[in-house]
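Residue numbers (this note's numbering), protein chains in the order written: chain E, 1 to 338; chain W, 1 to 338; chain G, 1 to 338; chain P, 1 to 338.
If you are wondering where the hints come from, they were derived from the structure by calculation, not from laboratory data. Remember, predicted model here, so these are calculated numbers, not experimental data.
Quick list of simulated restraints, FRET-style, between CB atoms:
no. : chain 1 : residue 1 : chain 2 : residue 2 : range
1   : P       : Ile160    : E       : Cys303    : 40 to 46 angstroms
2   : W       : Tyr276    : G       : Ser20     : 28 to 34 angstroms
3   : G       : Val198    : P       : Asn201    : 37 to 43 angstroms
Pairs of lysine-lysine residues, derived as DSS-like cross-links and limited to a Cα-Cα distance of at most 25 angstroms, are as follows:
no. : chain 1 : residue 1 : chain 2 : residue 2
4   : W       : Lys156    : E       : Lys247
5   : E       : Lys3      : P       : Lys24
6   : E       : Lys32     : P       : Lys3
7   : P       : Lys256    : P       : Lys156
8   : E       : Lys3      : P       : Lys32
9   : G       : Lys144    : P       : Lys156
10  : G       : Lys115    : G       : Lys32
11  : G       : Lys330    : P       : Lys330
12  : W       : Lys247    : E       : Lys256
13  : W       : Lys256    : E       : Lys247
14  : E       : Lys135    : P       : Lys256
Just so you know, even glycine gets a beta-carbon here, dropped at the ideal spot from N, CA and C.
There are 4 protein chains.
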Amino acid sequence: MRKVTIGILGAGRIGKLHTSHIIKHLPQFQIKTIADPSLDEAWFQKTGLSHGINNPDVVFNDNDIEAVLICSPAPFHVEQIIEAAHTGKHIFCEKPISLEIGPTIEAIKAVKRAKVKMQVGFNRRFDPNFSKIKKLIDDKAIGKPHLLRITSRDPKIPPIDFLKLSGGMFGDMTIHDFDMARFLMQSDIDEIYASANVLINPVFNEYDDIDTAIINLKFKNGCLGVIDNSRQAVYGYDQRIEVFGSKGAVQAENNKPTNTIVSTENGVLSDKPLYYFLERYESSFVAELNEFYECIVSGKEPCVSGRDGLYSTLVSIAAEQSRRENRPIKLNYDACQI
Amino acid sequence: MRKVTIGILGAGRIGKLHTSHIIKHLPQFQIKTIADPSLDEAWFQKTGLSHGINNPDVVFNDNDIEAVLICSPAPFHVEQIIEAAHTGKHIFCEKPISLEIGPTIEAIKAVKRAKVKMQVGFNRRFDPNFSKIKKLIDDKAIGKPHLLRITSRDPKIPPIDFLKLSGGMFGDMTIHDFDMARFLMQSDIDEIYASANVLINPVFNEYDDIDTAIINLKFKNGCLGVIDNSRQAVYGYDQRIEVFGSKGAVQAENNKPTNTIVSTENGVLSDKPLYYFLERYESSFVAELNEFYECIVSGKEPCVSGRDGLYSTLVSIAAEQSRRENRPIKLNYDACQI
Amino acid sequence: MRKVTIGILGAGRIGKLHTSHIIKHLPQFQIKTIADPSLDEAWFQKTGLSHGINNPDVVFNDNDIEAVLICSPAPFHVEQIIEAAHTGKHIFCEKPISLEIGPTIEAIKAVKRAKVKMQVGFNRRFDPNFSKIKKLIDDKAIGKPHLLRITSRDPKIPPIDFLKLSGGMFGDMTIHDFDMARFLMQSDIDEIYASANVLINPVFNEYDDIDTAIINLKFKNGCLGVIDNSRQAVYGYDQRIEVFGSKGAVQAENNKPTNTIVSTENGVLSDKPLYYFLERYESSFVAELNEFYECIVSGKEPCVSGRDGLYSTLVSIAAEQSRRENRPIKLNYDACQI
Amino acid sequence: MRKVTIGILGAGRIGKLHTSHIIKHLPQFQIKTIADPSLDEAWFQKTGLSHGINNPDVVFNDNDIEAVLICSPAPFHVEQIIEAAHTGKHIFCEKPISLEIGPTIEAIKAVKRAKVKMQVGFNRRFDPNFSKIKKLIDDKAIGKPHLLRITSRDPKIPPIDFLKLSGGMFGDMTIHDFDMARFLMQSDIDEIYASANVLINPVFNEYDDIDTAIINLKFKNGCLGVIDNSRQAVYGYDQRIEVFGSKGAVQAENNKPTNTIVSTENGVLSDKPLYYFLERYESSFVAELNEFYECIVSGKEPCVSGRDGLYSTLVSIAAEQSRRENRPIKLNYDACQI
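Looking at chain E on its own, in the form it has when it is part of the complex:
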C-alpha cells in the first residue's frame, strides 16, 4: 500500500474530525503537517503528530506533501485551492468551495490548469443509506423517478459566532441537500422556490438569516423535489430521504445507536436518531477520504467534482434569492461555464 503524505489546512471542527479519522481508520494517509492560524495545542498534542504550525505556506512549500485537505473557513477556500494547485498538490476541499460563483469558477480553472485532482467534501454521497438509494435508482428498482423528498434537520442551532460567518442556512446547511438532490436524481435543478421563516430563535433575524425552510425543486428532467430544513430538531439529527418513482419508492430512515425497544405502561420506546453529523456520517467521512486516496493513486477523477461544488453554490444562491424575492428562480447555468 502506497502511503500518501498530506497536509491539513485548518483544524477547527471539521479539520479535527478528518485528522482523527485518518489516524484511526485511514492508514494509507500520512499526515505530515497541520496548519491553523490559531492551532488548538491541547488537541494537537493528543494526536501524536509532530508538525503543527500556524502558516499554511509551510504546507504549500513542502515538496513531500502530495495532497492537502482544505478545512479552513469558507472564505479562505478559493485562495488555498489556487495556491495548492500552483504547487502541484491534489486537493480535498470542504464544501462550499465558495459562496460566490466567480471565485468558485476561478478555483476550478486553476485546478484544471494544474492537472491536479480536486474532490469536494459532500461526504453524504458516501453514506450507506443514501448510496443504497442511489444504487436502487440506478438499478431501476423504482422505475423512473418522479418525486424526491429530503428531510434534513440539525439537532441544535449553531453557536452565534459560527452563525455570523456561516453565509446563511442555505449556503451552510442546505447546500448538502442540494448536492444530494442532484446526486440522486441524476439531473440538474432547473428552478427553485424557497419558503423560509424564523421560528426557533429570533437571533436569526439579527443576521438576516432563517432557521426553518421548505424548498421546492424542479429538475431538468421534469421531476419534482422538496427539502425541509430545521436548525433544531430536539430529538436529534434527522436525515431522511425518499425517492418515489413509477414502479415504487425507496426511503432511508434515520440511523440509531441501538435497535433496542422498551415497552412499558408509557408506550413503546426506541432510540433517538444518532445525535449529529459526527455520529451519523462517520463512515461516510471515512469513505470519502478513501475515495480521494484512490483518485490520487489511480489517477481517476473524483466522483464529487469541482462542478458539483459549483452547481450547489449556484443553487444555494438562487434559493436565497427566491426566499428574499418570494418567487421561483430559474437557474442560470450560462454563468457557470468551466
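Once you've looked at the hints, dock chains W, G and P against the given chain E.
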C-alpha cells in the same frame, strides 16, 4: 336511541359506500330513500332497501326525511344543498361543496338562513392516526408546530370518464390535504405555491390536468407546510403525515392489512399499505356519520363546517392558479365573507 | 340471505361479547333468546332484545332456534352440548369443551350421533395476522417449518373470583396457544415440557396456580416449539408468533391502535399493543361466527372441530402434569379415540 | 498511551479477526508475534507484521510480550493458559476455556496462582444492543425480570471439518447464549432442559450432533428463560434478545446494513440482518479487547472472568446431557469450586 330517517342523493361510488356503512355499522340512521338518476338496480336490490328512485325531489318533498346525504357529482351539490335547506333538512355534503367560491357561499348562506346543520365530508379528520396527531399537537406534545408534511398518493389513476369531470387534481384529490393542513395546524393558509407535472400518463395533458405535484404552504401563524401528491403509487395508498415542532415531531405511518414480516434470502418483507380509501378510511367514514348524527340529535354544530368546505375550495383554486402562473399566490379571504 | 335463529347460553363476559358482535356486525344471525341464571338485566335492556331468561331449557325446547352459542362457564359445557345435540341444534361452544378428556369425548360423540355441526371457539385462528402466517406456511414461503415461537401475555391478572374457577393458566389461557401451535404447524404435539413459576403475585400460590411459564413442544413431524406466557404484561396484550423454516421465517407483530410515532428529547415513542382480547381479536371473533354461519347454511364441517377442542384439552392436561412432575410428558392419543 | 506488547496464539478465523481489529482499531496494542503451526503466509504478509512463527513457545519465552491472545482450537486452550500463566503473561482466551470441567478449573487455578489477568472471549457482552439491555435492567426500567428469550441462529451450517471438532452445537454455538443468559439475568442457571433435532442436514446425525434446538432455563432467582437455535437461517445472522419483567419488556432487534425501505407492487422490503458475526459483532470484538487493555494497565479484574467461562461450560455439558436423556438436568456447582 332515536333513529334519524335520511335520504341519499346520488348512489355512485361514494353514495354506495355511505349506504353500505349505514346498513352495517350505523343503526341510528334509517335510510328511507335513495335517489339517483341512473340508479344501479342490481346493487340496490342487494341493499334490501325499498325506495330507490330517480328523482331527488321525492326526497326533498318527503316530510319523514330529516336529513340528506348529498353524494351526487360536485356540479349538483350547491343546488341540492339549497333545496335541502329550503325543505328544512339537515345536510351531509360530500366535498367539495363547489369548485367555485360564489356558489359555495350561496349554499352556505342558504343553510344559515334555514338554520339546518351542514357537515362537509372531510372524513380524514376522523382517521385514528390523524386524530391522534391532532390531539398530540393540542396537548403540546411537540411544542409549537413549525413544519407540516403531507404525503398523499393514490394507488392508481382514476378512470378517464372520472378525470374529465373531476375538476383537476387539486380540486378532486388535494382538497382533502388542504383541509387536513388547516385542521392540524389550527391556522389558515396564507400563501400557496404549487409545482406540478405530468409524469405518469400523458392523458392528463389532454384534460389540462396534472398527475404529480409538490405544493408549498405558508400559514398565517408563520408555519410552513408541504404536500406531495401522485396519482399512482404502485405499492398502494400512501397516506402519511408529519408535524414537526419546537419540542419534537409526530408522524403517522401507513396502515397495513397485517403486521406480519417475512424474512427470506431476498430480504425482510412486510405488507403494503391498505389498498385505497375504502380500506384505509373505513373507520373515518363511519365516524364522520356518527358525528353528523350527534349534531342532528344534540343540536351542536358540525366540526367540519361549510366554512371548512369554502376555505378548501379557495385554496384549491389558488393552487391551480399558482401552478399555471408559476408564482406564489396569496389567498384572498375578503372574497369569502359568510 | 337466510337468517339463522339462535339462542345464547350464558351472558358473562364472552356471551355479552358475542351478542354485541352479532347485533353490530352479523345480520345473518337472529338472536331470539339469551339464557343466563343471573342475567345482567341492565345490559340486556340495552341490547334491545326481547327474550332474556334464566333457564336454558327454554332455548333447547324452542323449535325456532336452529343453533346455540354455549358461553356458560366451562363446567356446564358438556351437559349443554349434549342437550343441544339431543334437541337437534347446531353448536358453537366456547373453549374448552371440558377440562377433562372423558366428558369431552362424550360431548363429541353426542354431536356426532345427532349429526349437528359443532364449532369450538378458538377464534385466534381467524386473526388476520395468524391467518396470514398459516397461508404463508401453506404456500411454502418459508420452506419446511422447523421452529415455532408463541408469545402470549395478558395485560393484567384476572379477578380472584375468576381465578378460582379458571382451571389453571394452562387450561384457561395457554389452551389458545396449544390450539394455535397445532393449527400453524399442521402436526400434533408429541411431547411437552412445561416450566412455570409464580413471579407476579403470590395469590397464584393459594390456588395452586402459576402466572409465568415457558413451555417446550415437540411435534410429531419433528419440529420444535416454545410458548412463553405471562399473566401480566404492563404494556398491554402481547400476542406475537414466529415460525422459522428452511427457507425463511415469518413473524406477526402486535397490532396497535394507531401507527403514529412521536419523537422527542426522551426518545421515539410508538403506541402500545391493543389493550386486550376485545380489541385485538374483535375481527377474529366476528370471523369465527361468520364461519359458523357458513357451516350451518352450507352443510360443511367447521374448520375448528370437536377434535381440535379435545386435543387442546389433552395438551393442557399434559402441560399441567409436566410442570408438577418436572419432566417431559408424552401425549397419549390412544385415550382420545372418537 | 502506554502500548502493550502482545503475542497471538493461533491464526485461524478468530485469530485473524482479532489481528485485523488490532491493526485497524486498537493502536494501544503492539502485536509482536503471531504463532500458528500452519501459518497462512499469504495472509500474514498482508498484515505487515514481522514475526510469524509456528512454535508458540517463542511467544511464551519472549519477555517483551506482556499478554497473549489464545485463539487456537479449543483442545489447546488449557495447556496454553497454564503455560502463559507460568510465564507471567496476561491472557485473553477465546471461548470455551475447555469443553470439560476439570481442565477448566485447572486453568483457572493456574491463572489465580500466577496473579495474571484472564479474560474469556464472550464478546457479545460488549454488543451495544445487549449492553443497553443490561443497562436498562440494571436501571430497573423493566422492574424485576421474569422471562428471558434469546434467538440465536447462524446464517449457514459450518464446514464439515469444523463440525467434527466443534464439540457439538451447545459447546460451540449455544455457549455464547448461556453466557448471555447469565450476564443479563444476573443469576446462575439452576436447571436446564434441552430439546433438539436434526432438521437442516442429516450430516449432523453422522457426528451425533444436532442443528436445531429449544432450550429451557430455570434461574436460581426463579426467572425462566428460553434459547432457540438454528444452524442455518437463510436470511442471515439472527441475534435477538428479549427480557420481560414486572414493569415492561426490552428487546433488541437485529442490526441491518442500511435503514432503507423499498416499497413496490411486491411489498415493503427492508434489509436482511447483517450477514454473520464478523459484521454483527465487529464493535463488540473491538470493545472486548479495549476492556482487556484497560484491565492490564489499570490492574482491575476482567468483567468476563474464568468463572464465567467455567459456568458456561458447565451449562453446555448439562444441555447435552439433557437432550440425550430427555429430562431436565439440575446444575451441579459443587463440582466447580475454584
